[in-house]
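Peer 1: Residue strings, one per chain:
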Amino acid sequence: MSSWSFTTCLVWKALGGLGMETERGQGPPANVEKMPVICPEIKIPTERALHKNLQAACRDEIGLIQCPEARYNRSPIVLVENKLGVESWCVKFLLPYVHNKLLLYRQRKQWQDREVLVDITCTLLLLNPDFTTAWNVRKELLQHGVLNPEKDLYLGKLALTKYPKSPETWIHRRWVLQRLHRECCPSPSAQKEQRGQAEAWANGNGPGHGERLQRALHEELRVCADAASRYPSNYNAWSHRIWVLQHMSQGSVKVLHDELSSTRLWVSMHVSDHSGFHYRQFLLKALLGELGQAHNRSQTESLHPPLDPRPAAQSNGEAGACEAGLTDDPHADTIPQLFREEMELCTDLIESYPGHETLWCHRRHVFYLWDRWQKLSQGTGSLSPAVTDSNALLSEVRDPCDELQASRAMDIDCVQDGSKHGGYTQDTKRLKRGPVSPWPGLLSEHAFISQVLGTRSTPEQGRFARAYRKWLDSVIARIGVKPKQSELNAKRQYPKFSRTQDSSVSFRTGAAFGTVRYRASDVTVAMWEESLSQTDRQRRKMVEAGGAGGPLHY
Amino acid sequence: MAINGTQIKDVVIKPDAPNSLILDKHADYIAAYGSKKDDYEYTLSEYLRMSGIYWGLTVMDLMGQLDRMNQEEIIDFIKSCQHDCGGISASTGHDPHLLYTLSAVQILTLYDRVKAIDVDKVVDYVGGLQQEDGSFAGDKWGEIDTRFSFCAVATLALLGRLDAVDVGKAVEFVLSCMNFDGGFGCRPGSESHAGQIYCCTGFLSITGQLHQVNADLLGWWLCERQLPSGGLNGRPEKLPDVCYSWWVLAALKIIGRIHWIDKAKLRAFILACQDEETGGFADRPGDMPALLKALWIRDMTGTVPGNQLLKEGFGYCPSQ
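Residue numbers (the UniProt record's numbering), protein chains in the order written: chain A, 1 to 554; chain D, 1 to 320.
Hints may be right or wrong, so weigh each one.
Each computed DSSO-like pair below joins lysine-lysine, with the alpha-carbon atoms no more than 30 Å apart [stated by the list, open to error]:
id, chain 1, residue 1, chain 2, residue 2
1, A, Lys109, D, Lys121
2, D, Lys79, A, Lys139
3, A, Lys162, D, Lys140
4, D, Lys265, A, Lys470
5, A, Lys101, D, Lys140
6, A, Lys139, D, Lys140
7, A, Lys139, A, Lys83
A partial selection of chain A residues facing chain D, derived with a Cβ cut-off under 7 Å [to be verified]:
id, residue
8, Ser88
9, Lys92
10, Pro96
11, Asp130
12, Arg499
By construction, these hints were calculated from the structure, which means they are not laboratory data. All C-beta atoms, glycine included, are put in the ideal place defined by N, C-alpha and C.
Could you build the full structure based on these sequences and the hints that come with them?
Peer 2: Dropping the structure here:
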């Protein structure tokens with residue numbers, strides 16, 4: 001019996017077994033297929049054939065049909081061209097009914113067969129996919145071999161058509177995908193342990209396993225894309241997509257390039273989708289890491305999966321990715337080209353769709369990555385491999401004039417001469433230009449901002465352009481590459497917490513107003529206040545530069 | 001070719017929107033919530049019941065009406081939710097999880113009845129969820145998220161048992177989630193998000209590591225969340241939502257940059273989110289109120305001079 005026919009049974013049991021049969025009276029158009037109502041006690045032979053058809057057909061979407069009352073004498077389950085609908089009037093009966101059934105099982109008050117559990121959880125999760133316990137029951141069914149991973153992933157995919165953000169659905173998917181990997185690679189080998197889990201995805205451990213995992217990878221990317229299109233700036237869908245690449249693509253440069261290509265048009269049509277643009281930032285960062293590591297791998301045969309999200313590999317953060325991108329091999333030209341193309345895309349979109357904050361945020365991030373990669377490739381400042389993003393952001397404030405000086409030295413001489421073209425030749429340019437093209441650079445970015453402000457676009461466009469200028473001056477121009485050693489040492493001193501004997505939290509109620517004061521242990525409060533003081537001392541210079549009202553005065 | 005990119009995602013506050021706090025309505029709204037236990041919506045939200053109770057109780061306490069809630073019934077409920085592993089579930093019969101373990105400990109702390117549950121087992125449960133890289137799983141199934149790092153240390157700090165985990169490693173993991181804009185995501189490489197930022201700054205506050213945050217850079221990102229209507233969003237080009245007034249404001253408070261937000265405009269936005277008929281707050285003016293949003297009036301405290309409600313948070317706040 002398919003899950004959907006069982007759902008119908010549940011509907012009518014919930015309604016007290018009204019025993020309604022096939023549709024009668026006035027109904028919707030003829031092309032709407034109705035599922036006959038059955039009760040489990042009545043075995044109708046023809047139903048089995050129907051159920052088989054239902055199982056064979058693919059459902060690609062679910063939804064609620066707004067129908068506040070049971071007006072037609074028929075099943076509330078509706079199937080139209082592979083779209084499965086549930087009339088809304090029955091949901092308020094159905095959900096509590098199946099919900100309680102599952103909880104009785106979970107509390108060991110009422111046993112349920114495994115097959116029944118499959119159907120109960122299916123119904124529940126299509127109505128309330130954030131019901132974590134129901135997903136956990138399915139995890140156990142998977143562990144016992146009652147469900148297979150692909151079938152479970154299909155349920156999640158269906159749920160996401162109606163609830164594209166559902167965090168618990170995405171969380172469950174990640175568990176299932178990890179389980180799928182273990183199924184395909186059951187016996188760990190020394191080689192796999194060396195390479196890490198990410199690479200094992202592609203290798204598989206038997207005929208067809210690699211193909212199965214590849215199918216799963218591409219299916220996941222499709223599911224993410226679909227969910228992203230159903231809800232704007234879908235954080236959960238895009239962060240899942242990042243997870244998929246971190247865990248399922250083995251750091252494949254091809255996959256990263258393909259993703260960059262396939263999302264280019266999408267983001268161009270969703271210029272407010274901050275998550276979509278962040279995904280491209282992630283791809284660029286990952287490519288920086290992979291292209292750099294490709295050189296190292298060929299040299300040393302040791303593997304450092306930059307996509308590995310574990311902190312040991314990630315502690316270099318974005319700075320590490322930039323560092324890894326340094327290489328003398330042919331991939332070196334790919335990186336500047338990638339950034340040029342991305343900046344050009346950003347420019348086109350900013351000019352075409354003025355006043356979108358997302359586009360300016362994207363520019364900030366892409367320029368940040370480019371700026372850091374450039375500085376590392378030119379060896380400006382000695383970069384410790386241990387530099388992390390947090391170190392870079394905490395490091396000493398550099399004189400912004402130094403930065404402009406450095407960029408001028410790389411730029412074509414027409415700027416230094418003060419004339420438009422400076423009388424230089426192509427040969428002169430080649431001689432004067434360093435090994436890496438200076439564009440985009442601080443000067444070109446400031447020129448871009450001036451150009452935008454000069455076009456008298458929307459007020460918001462002007463606001464974002466000025467904010468970008470302030471950000472370039474305050475952040476990019478001031479980030480040094482070498483943190484003070486004292487700061488590096490300081491951050492490694494973690495507090496030691498001891499068990500407190502007395503009550504660590506006291507609760508005090510104000511008499512008149514019911515004021516509440518939560519007090520942590522005195523140790524924690526003191527440390528919090530001290531650490532905040534440290535932050536204030538270190539950052540006072542920037543606060544003064546930003547003004548008492550904060551950084552938003554541009 | 002269709003382009004999805006409408007400009008200036010914001011709301012407009014109507015002139016007749018509420019502009020004063022209708023506390024009694026909110027108290028009635030919360031006190032009445034859950035009185036119809038067979039209600040469909042009540043069932044829908046049962047999976048986070050423990051957190052809902054915590055939020056409701058805190059608001060009632062802020063309004064000086066905690067005694068309208070049934071303390072013993074709630075404590076018995078919490079006891080029924082502690083599992084053999086020590087973890088606590090959102091409701092009876094549901095599976096245990098770190099999110100609801102924190103909420104339960106917060107409720108018991110509010111009532112000064114922490115010893116109603118087996119504290120040692122809670123500590124063992126939380127400690128057992130820490131991974132080799134310092135991160136925390138939400139439950140035995142292994143999902144990693146910086147929210148859970150916050151839940152873990154907040155729970156243990158309230159119980160005086162931060163010694164039960166490797167704080168240094170936990171800090172390193174959270175810092176590995178710091179992004180170029182000074183913000184934090186759910187995992188390394190994830191997009192900065194106001195909710196995650198709240199959890200990470202709260203985490204760093206509890207563990208005494210706030211100096212690791214670039215307060216000016218992060219403060220800048222946070223105060224850019226304020227829109228012309230005065231409301232705050234959670235990420236660029238998202239609509240303002242009153243719940244982000246909490247996440248963003250609390251994070252700013254933790255890093256000492258709360259003065260970077262326009263207080264008066266935010267206050268006006270929050271007041272406009274009230275539902276004058278039913279009580280409660282909607283996520284933005286004109287929408288339907290929801291219990292979760294009713295809590296967010298607490299973010300007004302500390303930002304509204306002269307308001308009779310005062311709260312000083314030290315990072316012990318809800319995780320959702």
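Peer 1: Which of the numbered hints above does this structure break?
Peer 2: Going through the list in order, the structure violates hint 8 alone and respects the others.
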